[in-house]
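A.B. asks: In case you want the letters, here they are:
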Amino acid sequence: MAGMSRYIIARSIQTFVTLLIILTLIFIMFEALPARPQDLLRTAPNIQQSQIDYMTRLYGYDRPMLERYGMYMVNMLTFDFGISFSRAQSVWSILEDRIPRTMILFGGATILSYVIGIYLGALIAWRRGGVLDGSTVVTSLVFYNMPSFWIGLIFLVVFASQLNWFPLTGWYDPTDNLPYIADVLWHMALPMLVLLLLSLAGTVLLMRTAMLDVIGENYMITAKAIGLPERKVLFRHGARNAMLPVVTSFIIAFVFAIGGAVVLENVFSFPGMGALYIQSLLQLDFPVAEATLYIITLMVLLGNFFADLIYGYLDPRVRM
Amino acid sequence: MSEEKKDDGGAKAAGADLQEAGLRAFGRFAKGFMGTWKLYRQSKTGLMGLGIVVAFFVMAAFAPWLAPYGKDFRAPAIDTFVADYATRELPAERNWSTVMGLTASMRDHPMQRIMVYSADGVGIVYPVTEGIGEETGELGIVIGSPVEVPLPANVSYMSYVHFSTTFFFFLNTTEDNGTTLYEYDSVFEYVREYNLPFVPKYESNLWNGFSFVVQSARMAIAFADDHNVWLLDKRPPTAFEPGIDSVNFVNNITISDATIIGNPLVVDGDFENGSMLIVPTDAGIRAYELNITKHPISMRVIDIKIGDRVWVGNYTTADGDFTPVTGNHMLAFPYPYSPTTKIGKEYVAVASTDGQVVAYDRESGNITWANKLLLTSIRDFTITALHSSPNYVILVGKTGERGLIAGLDPKTGRVGFNNSMYSTVDGYLNSDPQYVSGQLRYVFSTEKGTIYLATDLMRINATFSAPGGGAVTPAAFLGNIYIEMSKTGNYFGVVTQANTLFVETLTGVNIAPLPPGTYPSGNYYPLGTDYEGHDILTQVMFGTQAELLVGISAAFFSVVIGTIVGLVAGFYSGLVDDLLMRSTDVMLSLPYLVIMLLFAAAFGPSLMNIIIIFAILSWAGIARVIRAVTLSVKERAFVDAARVSGASDSRLIFRHIGPNVLPYTFLYMTFSISGAIVTEAILAFLGFGDPTSVTWGMMLQFLQISGHSLDAPWWLLPPGIAITLLSLAFYLIGRAFDEVVNPRLRKR
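Quick mapping for you: the protein sequence lines, in order, are chains A and B. Residues in the first sequence are numbered consecutively from 0, following numbering that gives the first Met the number 0. Residues in the second sequence are numbered consecutively from 0, following numbering that gives the first Met the number 0.
Chain B stretches covered by chain A per the calculated footprint, using a threshold of three residues with CB under 8 Å from any CB of chain A:
no.	segment
1	370–377
2	577–591
3	676–685
4	708–714
5	721–735
Examples of chain B residues toward chain A, derived with CB under 8 Å:
no.	residue
6	417
7	596
8	597
9	600
10	601
11	673
12	699
For the record, the hints were derived by calculation from the structure and aren't laboratory data. For every residue, glycine included, the Cβ atom is placed at its ideal position computed from N, Cα and C.
Construct all of the structure, not just a fragment, from the sequences and the given hints.
C.D. replies: Okay, structure coming up:
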């Protein structure tokens, strides 16, 4: 594959530079927050000034900003997140349980939605104008414009609260008489379903449009004219080319979907990264909030990177 | 033709030229518009989207006329609060005082009377009993026929205290720098009066030394003016000394080197010595011993006297000087709910005008803690008063136009529960938060005439306004009409705008949010109400204004930034282009909602900030597209022609390339509006929205916070449907317009 290794290297460098820029942005934003961590430290009743000074030195607030910035960058890149302000544990120990949960929830939903969405979008574009086409488009349009938390709440009301098919909150409940994995999946089912529907809406619409573009191309007409089986024309020739803009949008949608996961974790009380992020922002727990934001951004960047790789595999023109 | 024009003379020709140029431009615009419209209206969905948007605009503009209720309407208590109540029309329009419950102790006698009085010497006492109420038809409080009692003329202020027997004091200022104090008993019979050689400005809390062993009581209150403090010592009749009933003014203290600026505070030493009198002055907090001599065996109080000064606490913390909040409620301490626990009585707290609370250790006067208070989700607030209360210090303040009530944890001096033990209400508080023991609730009112019940964790669990439109007197806790504390008969009372005495029990059930329907007050709520009684349909209609404002402004700024970036990048290829596109790439790869939450936490919640944040974080997609379009337009012939004829760069960009890029700008603006509306809803729902504005997202956030998200579908569905519809409508407009701008998309 011509130019693939060069492409990979170029993309890796770009990802790394973006990461550094984002880390810097995060640092600046946290400096701009109105409350200083010392204010929170001072609220303990018998805290002595010497202890406050110790904390200040520990967190490095007595050093000039540039030095702090340097320490911060080194810590972030080596995944050394320090200790949470609101809980007396290391940030990493709080995070390590939550990262896989969010990744499974969000990653699973996104991948599923893309697999289904590409297939469905291609299908309805091929059968353009039918009832399936119209109804799918309308449904997708409506879901695309719904606020994610609202659909989540409605699902919660209907499926969990009224029908009792799914549990209301959380990740795992030892009192359910289910093996661990089954119980976890059962808890994750509703938020994943909602995420799936939301991503699916965007994917189907996009794939359909891309497919319609492609169908009109000459090579498609030729393929059909020379008598290739329909399925082959549709997927081998059409979908493969239509997937290009879809993969591009995967990058963009990945970015949007992370936001959706953050919100939905809140609605479903799912103990993942997103819920932790919001909680730590509201509590002004700086180390946790910074670390969570960093991990989330890292996940997004890595997702984009892999999407770029796939795109590079599919479309040789990019590798130039 | 131009020669003819020139013949008309210079100025006229120039004017006509401009006019003609303007007309020509308008003509071009109109032709373009009509052309666009013809293409646009071929799309059914586009027309539908446009129709929906127009409908929302109409709703926003005509909301005050279309909505069933006014913007600040709240369902009256009869609909939302199922509680026993009673009303009585007051005899005449007067400036009535706060309603008072004439009650004896909870042990011996239930509340028997309610009283109001007016400044011109009219006092009206209503007997109250238990019975079948006329308004409710159920067992509850019944207000009997009033009895007028004569009051001294020009009563300026009255306070009352009660324990085993009730006694009241009126303060009546006379002209010659003196005051007369009147005492009445528990059935409001005149007992005696005293002349005071001063005009009191401040009054302390009641010190109450009741000995359970010998059932004897002693009570003391301190009065103060600018420089003096007098201690009033009352020995009421008790089981041990039934014949005694005396009132004395014991010693006083004079502070000549400072001015007293607030109510003094009497802090009990828990039956041991160590009781103190704390006096706030402009030169610091001064603490005096309160020497209470007790009989060694019976623990009966023999004597009470102000002693020596023990310490002075300055208004200076480690961070520097502060200005204390002054007035009738500047000092507070948390008192234990039961006499045997001692949490918190070890300090006295003062608030500062810049949001700090400082605690002085009661024995030494050293500062135990000094905190700049933090509240989750509220940036700016001021403290107006501190109140002593069981186990907490209650803080009353203001944030913007709203009133604030918060609870301070006595061990840390922070707002309890991780800075979240507070509530805000509509309008500033006009009454003290009164604690109703046995109910674990506070009752208070605001200047808007609404009455609130809050739990002891500062959660508002009932709000109501009196029928007839709001209270005009501050809410007052009256007492319990039952002897046994277990029987719930605690009532509060107000005088309403309709000159009616209104009393209601504190133990009612708040049945809001109300499902759609008609209710006892006769009101019809087509979509029901929310937890505070706001009509949902009204809120959705009025919310449209903010939604459209935020959506369109945020999208507009976002698109403007994106277009400029795209134009500049596309036009000046090379380094500028590279730099701008790299930044665009970085922006695009950010998870924008997550960053937006961070910005919202940093900048603070307000509509303006949300607009700015959205603009800053979402211009990247548009910039990309505009750049691509600019690149292709740049290659066209007319640009070269203009360049050759000497047009400057900016002229090229704005006059030649710009108009060709504009259709794409408008196109993406519609999609951007669609996204901005949903984004604002998400931000509001998560708690980062503007709490003073009513938007659909805030409605859903309130739903979530009030805990009714699972059981109030009439509240859950309308705002969400509105958000979806409006966002969808703009999106459809965008799609239809897309077909106009990109002809390849047509006929799909």
